[in-house]
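A.B. asks: Sequence:
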Amino acid sequence: MVTVHHRTTSIDGLDVFWREAGDSSSPVIVLLHGYPTSSHMFRHLIPALADRYHVIAPDHIGFGRSAMPSVDAFDYTFNALADITQKFLGSLGVDRYSIYVQDYGAPIGWRLALNDPGAIEGVITQNGNAYEEGFVSDFWDPIWADALERSEDTRDALRPALGREAVEWQYTHGAPDPTTIDPDAWEHDLALLSRPGQDAIQLALFRDYANNRALYSDVHRWLRESRVPVLAIWGANDEIFAAAGAEAFRRDATDARIELVDGGHFLLESHLDDVVTAIREWRGAF
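Just so you know, this note's numbering puts 623 at position 263 of the sequence shown, and the rest follows in order with no gaps.
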């Protein structure tokens, strides 16, 4: 039976919680979660990979069991989240690793790669975007409008994304059989989103998300120059990050393995075995 450890450390005076399993001498895979969840999204993936890999899954600041300072006490930007993550990995002595990125985890992972290109051994992107083709306009247009106008009206238009209907939709849309999705997943997220101050934190990150697009050309250059192995395994029915975002990786990572699975945004909830098999095959080739 695999033992999964649940740990907390202090980075820049902030508690960072993480889940960890596997032999510390094995190849490292760092799992970077998306919105609105935490390392909880990897609760099944971690033990499934830990027989071959050293798996590390932190909660970003403001998420899960990590510290949740107010927006007045912490700069909720993707630059700041990536900075904490890089310092966290440094504190563990992790200097070579593959990244598994999903949703918000992608812009954090891209910053880790650009800040220390030699550290990244491989990229697993599961609905983790790096191309304009990946954005589904119906979902993203209100976010772009808020980033551009920065008004109370455009900000308030995003508040429904913090509610029950929107969070549940993120899990169930695109799944061939929504009854296979464990409702405890979104109930866990909703409980954490209901904490005082969470609305301001999440709205700040929504507004900052547009700044991630400026990184894409540098990410593409890094992919071309580094020739880092890429596995893009994608819920093909995702209405947040379209399947075209997975196919686009072929332009810059010419040997990328692209797997489009009949699922949605949170693919691990419906197709865990498919993802595990693909990772084992892909990572075992280098």
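Calculated from the structure, these hints are not laboratory results. Check each hint, because a few of them may be wrong.
Computed cross-link-like contacts, SDA-like style, restricted to lysine to any residue with a CA-CA straight-line distance of at most 20 Å [stated by the list, open to error]: (1) Lys447 <-> Tyr457; (2) Lys447 <-> Arg425; (3) Lys447 <-> Asp375; (4) Lys447 <-> Asp372; (5) Lys447 <-> Arg403; (6) Lys447 <-> Glu492; (7) Lys447 <-> Phe377; (8) Lys447 <-> Phe499; (9) Lys447 <-> Asn475; (10) Lys447 <-> Asp476; (11) Lys447 <-> Thr437; (12) Lys447 <-> Arg412; (13) Lys447 <-> Pro477.
A.B. asks: Now look at each hint and say whether the structure bears it out.
C.D. replies: The hints, checked one at a time:
1. Lys447 <-> Tyr457: Holds. Lysine 447 to tyrosine 457 sits at ~14 Å (cutoff 20 Å).
2. Lys447 <-> Arg425: 18 Å, holds
3. Lys447 <-> Asp375: The given pair, whose Cα atoms are some 12 Å apart, holds under the 20 Å limit.
4. Lys447 <-> Asp372: Measuring from Cα to Cα gives roughly 9 Å; hence the hint holds.
5. Lys447 <-> Arg403: 23 Å, violated
6. Lys447 <-> Glu492: 29 Å, violated
7. Lys447 <-> Phe377: 13 Å, holds
8. Lys447 <-> Phe499: 32 Å, violated
9. Lys447 <-> Asn475: Given pair lysine 447, asparagine 475 holds - Cα atoms ~12 Å apart, limit 20 Å.
10. Lys447 <-> Asp476: 12 Å, holds
11. Lys447 <-> Thr437: Holds, at roughly 16 Å.
12. Lys447 <-> Arg412: 25 Å, violated
13. Lys447 <-> Pro477: 15 Å, holds
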